[in-house]
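Q: Residue strings, one per chain:
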Amino acid sequence: MEPSSRFESIQLNKATISFDDRFTLSEIDWTIEPHQHWVITGTNGSGKSALAAALAGVGNIEAGSVQGLPQNVGLVSFEAQAELIAKELKKDDADIMDVISLGTPVSEMIFEQCQDPELASELVEKFGLTTLLDRAFRKLSTGETRKVMLIRALASKPDLLILDEPFDGLDVDTLAMLQAHLASITDTVPMVMVLNRFDEMPDFITHIAYLNKERLEKNRGDKKRGDSGRLAFTVDREDEAAFNELYQLLHLKTTDLSLPEADPAAKLPALDPSQPLVKLTQATIQYGDTVIVDKLDWTIEHGQHWQLSGPNGSGKTCVLSLITGDHPQCYTNDIFVFGFQRGNGESIWQIKQFIGYVSTALQWEYRVSTSCKNVIISGFHDSIGVYTKSTDQQKKIADQWLELLGMQERADQPFNKLSYGDQRLLLIARAMVKHPPLLILDEPCLGLDDMNRQLVLALIEKICAGKETTVLYVNHHTEDKIKEIDNHLALEKNH
Amino acid sequence: MANYFNTLPLREQLAQLAKCRFMYSSEFADGVEALKGKKMVVIGCGAQGLNQGLNLRDSGLDVSYALRPEAIEQKRQSWKNASENGFVVGTYEELIPTADVVLNLTPDKQHTSVVTTVMPLMKEGACLSYSHGFNIVEEGMKVREDLTVIMVAPKCPGSEVRAEYVRGFGVPTLIAVHEANDPKGEGLALAKAYAVGTGGHKAGVLMSSFIAEVKSDLMGEQTILCGMLQTGSLLCFDKMIEEGIEPGYAAKLIQYGWENITEALKYGGVTNMLDRLSNPAKIKAFDLAEEMKDIMRPLYNKHQDDIMSGHFSHTMMEDWANDDANLHKWRAETAETNFEKTPAADVEITEQEYFDNGILMVAMVKAGVELAFETMTAAGIIAESAYYESLHETPLIANTIARKKLYEMNATISDTAEYGCYLYNHACVPLLADFMKGIKSDVIGKGLDLDDNGVDNARLIEVNDALRAHPVEAVGSVLRGHMADMKRIL
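Protein sequence lines, in the order shown, are assigned to chains Z and E. By the working numbering, the letter at position 49 of the first sequence is numbered 57, and the numbering carries on one by one without gaps. By the working numbering, the letter at position 313 of the second sequence is numbered 318, and the numbering carries on one by one without gaps.
One thing to keep in mind: the hints can contain errors.
Facing chain E, according to a computed beta carbon distance under 8 Å, are these residues of chain Z, among others [stated by the list, open to error]:
hint : residue
1    : 295
2    : 337
3    : 339
4    : 340
5    : 353
6    : 354
7    : 355
8    : 356
9    : 376
10   : 389
11   : 390
12   : 391
13   : 392
14   : 393
15   : 395
Derived by calculation from the structure, the hints in this document are not laboratory data. None of the values given here were measured: they were computed from a predicted structure. Every residue gets a Cβ at the ideal spot worked out from N, C-alpha and C, and that includes glycine.
Let the sequences and hints guide you as you build the complete structure.
A: As C-alpha cells, then:
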C-alpha cells in the first residue's frame, strides 16, 4: 500500500548547515522518500540531533540546498523538552511581585494547539496521564514530561514525525505502548528517529543514516571552527552485510579502564560503618491529596548496591531527592542519612558532601555558563557552577576524567554548547569525581550512544567492585544491568 | 507615629545616610552559629517568604510560618506554599510567643498592622527582622525596647534567592541594624547569620543602615527605576507613531528594548551600554542625555528633597488612608495609554537592533541613572547605596516591563514604588515636551541613516572620557568587580 504521503521527497544536496553553538553539519547528501522510515545514529557529538532538527528547519544553510521540507513537522527531543521546561520556569522567574506562579496545567499544554483532540485524549488515557491533567506541567517527573511532548507531537497531524530519542526515560509498559502506536501509523506518517541504542530500533525502520564527528581544522576556511558532523554512510536495512557491519561498529569493546583517583586533600567526616548509610522509615510524599510515595521503608547499608526501578511517575526521583535533601518534604519524614537524623540542625551541604549525583533533572538545572572542566570540578564542591577556588590537584583530576571521556580538547569549551550526550558524560564524571560514599545514578545512560553507554556501564561496574562507594542505580533498560548490583527496589505507581 | 528620620539631629542623619560598605568574606566565618537552635518564625508566605524560609531551613535552621487564621482555615495559597513544603504552620498566637526571631516578609503597606499585632506576642529579648525599612524610618514605628530590630534584604526576586542557593551560590544582600533597637548588641551577629542562612554571603553583603536603605530605595524606585522607564515608554511610543513607525514594531521595540539595553548596563555600566552603539550613535546618545539631564535635574532634586523631608511618605500615607484613591486612579490611567493598548508585533528585532534603533532610550537610561546617582550622593547617601538603588536595579524593572508592560509592572511593584512612579511621570512628561519636539525617528524607531560611520576623533575622545569619568562608573566597576570575584569561575 502506498503511503498517503503529504510531501514529495526531502532532498539535501551538499548541504552545509551551521548551528548557533558553533556546530556544523558538512556537505550532507541525503534523500528521504515519503515511504521511508529512518534512524539517525552515530557517535555522541556527531550531530544526530542537529540533523534531525534541520529537518524541522533549524539551523542556517551555508551552502548546498535543502528542499522539500514539509510544513507541519512533529518534533520530540530533549532539547525541545528542555526549552519547554525553561519557558515554564521563566514564568516563575524574576518576579518582583511577591507571588509564587502556579505554572501551566498539563491539559493546556496538550490541548491548546492540538489538531487531533480525539487522538490526544486517547493517548492521554493510554499514557496514564488522565489523573495529571490538572497538575502544573513543571511539577511532572522527567518521564511524564516526555509523554506530554510525545502526545503534543503525535496529535499535531504531522507531515513528518521527528523523534529524537523517543524511548529514553519511558518505563517498560509505556515503551511497548508507544512502539505499538508508532507501528500503527507507519503508513500515514514518515518518521525519522534519532536512536543511540541500536537494540531499540523498531522493525518498521527501513533505512539508517550513520554520522561521524570530525574536528574542523582552524585554517581550513576562515570562519569555520569547532566540531562538524558528516553523514558517513547510509544503510538500507535489506542490505544484510552492511547492516551487520554497522552493528559491529556500534559494539566496540571497552578497553581496560582505570578510574582517576579521588582528591587526597578532601577530608570527609568519618562514617560509622555499624550504622546504615541511609534509612527511610515510612517515607511518604504527598501533594495535596495526591500520594506519590506511600510509607516506604528502605535501608541501605555500606557497600550494598541497589537498583531502583518503577514506572514513570512512581516517585523514583522523589525518593532519591529525599536522600539528597533536595525534596522539601525530607523535613517531614523520618530520614536518617550519613549519621544525621534529618531536621536536627544539619545543613544540606553537610548531606551533599557524601553524595555524587546525576539525573536528567540535574542536567536541566545545570544552566550556568561554565567550561566543561569546571563542570567536573563542581563535583568537588557539590555546586552548579564553581564559586570557590579549586586546587591544582582538583584541576589535574578533572583533566584525567576529560581524557578518560576523550574530551580533553574540549576542556575550556562552554558546557551549554555541547550535545546532550556529551553533557551527560561530563555530569557522570562530576558525580564520580570525588569517589563519594554514595553514588546516585538516576538513569545515567539517557542520551548516550552505544559506545559511551558501554564505557559508563564499565565505570559503574568498576566503582561497584571497589570498597569506597555504594551505588544507587535507576534504570528502565533490562539490558543495562550491572552485575555487582544484587539488591532491587521496585516502586509502584500510587496515583 | 512620627517620622523617625526627622527626629534625629543633622549629624546623626548624615552619619546614617553615609552607611554602606561591602563586607569581607572573613566576616562570615561564624556561619549561621548565632541562629543555631533558635526558633525563626516567618510572617508572609509569598515568594520572598517561602524561598528565604527554604534556604534557611536547608542551612540547618528552625523555620516555621505564622499565618492569619483565615489563610489557614480557607487553605489559601500562602498556607499551601508553607505546608506542602513541609513547614510547621500556625497562627500568630500559636507561634509568635515561641519565636526567637520574627521575620516580617509581608508587603510594606501591611507592616504597621502586622507589627502592631505581633509585637505584644513576642517574647522578651527576641528579634524582629524586616526586609525594608519604610515602617521604621518613615512611619516611625516604635518597637518595644527589649526587642532587637534588624534588616536583611536579598537584592533579587524570591525565586532567584532560592535558585542561586540551590546551585551553591547566593544573591547580593543588604543588612542593617536599627541602632535604636539593639539592646543586647547582637543585631549584627544575627543579621550576618541570617544572610549566611540564605546564601547571601557567597554573593556579597552590604552593611547599611535602615535610613540609607529607605532614602535611597525610595529615590531610586520613583525616578530612574520605574518613573523614567514609564515616562520614556510613553514618550518614545507616541513619538514613533507620530513619525509613522508601524505601531506593533514600536510597541515591541519599547517593551523589550529596556530589557535588552539594560542588560548591557548590568554587565558593564553606562559605559558598556553606550559602547554598544556605533560611534556616531554614541555621540548622539551622549548629547541627548546631557540635554535631558539639564532639563530633568530640578525634578530629581525635588524627589530627593521630598523624600528627605518626609513630604513624600506623608502624602502617600494620606492616600493610603483615603483607600488609595489616587493610586488606583493613576493605575487606571496607565492602562489607557497608547503604548499599553498596542500589542507588540510578531516581528524579529535582533539584540543589536534594540540599541541601533533605540538611541533615545539608551540616552534616557543614561540620564536617569546618572541623575539619580548624582542627586542621591549630593544628599549625603554614600556612592555604594546610590549605585545599588539606581544602576544595579534598573535591569530588574526593565525585565518586568518586558514580561508585563507598564500596567502590570506598576501593579506588581510595591505600592510605594508605584505611587512615586506616577508622581515622577506626571511631572516628567510635560517637562520633556519641548525637548521631544526636536526628536525624529533617527534616534527612536529607525536608527541613524548615515552613509559612513566617521566621527571626529577629538569629540569621540571627549565623550568616551566623560562617560568613563562619571562617579557611578567608578563605584560600579569596583562593586561589580567584587561580585565577579566571588562568582568568577576559577
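Q: Hold the hint about residue 340(Z) up to the distance rule: shortest CB distance to chain E must be less than 8 Å.
A: holds, 4 Å
Q: With 8 Å as the cut and Cβ atoms as the points, is residue 355(Z) at the interface with chain E?
A: Holds, because the Cβ-Cβ distance from residue 355(Z) to chain E comes to roughly 4 Å (cut-off 8 Å).
Q: Does the CB of residue 395(Z) sit less than 8 Å away from some CB of chain E?
A: holds, 5 Å
Q: Given residue 393(Z) as an interface hint, is the shortest Cβ-Cβ distance to chain E below 8 Å?
A: Since chain E brings a Cβ to about 6 Å from residue 393(Z), closer than 8 Å, the hint holds.
Q: Hint residue 354(Z) vs chain E: min CB-CB distance below 8 Å?
A: Result: holds, 5 Å to nearest chain E Cβ.
Q: Does residue 356(Z) pass the interface check with chain E, least Cβ-Cβ distance below 8 Å?
A: Holds, about 4 Å.
Q: With a cut-off of 8 Å, does the beta carbon of residue 353(Z) approach a beta carbon of chain E closely enough for the hint to hold?
A: holds, 5 Å
Q: Just to be careful: measuring from the Cβ of residue 337(Z) to every Cβ in chain E, is the smallest value less than 8 Å?
A: Holds - the Cβ of residue 337(Z) comes within 8 Å of chain E, reaching about 5 Å at its closest.
Q: The hint names residue 389(Z) as touching chain E; please verify it with the least Cβ-Cβ distance against 8 Å.
A: With a closest approach of 6 Å, the residue 389(Z) hint holds.
Q: Can residue 376(Z) be said to touch chain E, with a Cβ gap under 8 Å?
A: holds, 7 Å
Q: Have a go at the residue 391(Z) hint: is there a Cβ in chain E nearer than 8 Å to its own Cβ?
A: holds, 3 Å
Q: Measuring from the C-beta of residue 339(Z) to each C-beta in chain E, is the shortest one below 8 Å?
A: holds, 5 Å
In terms of the numbered hints stated before, the structure departs from none.
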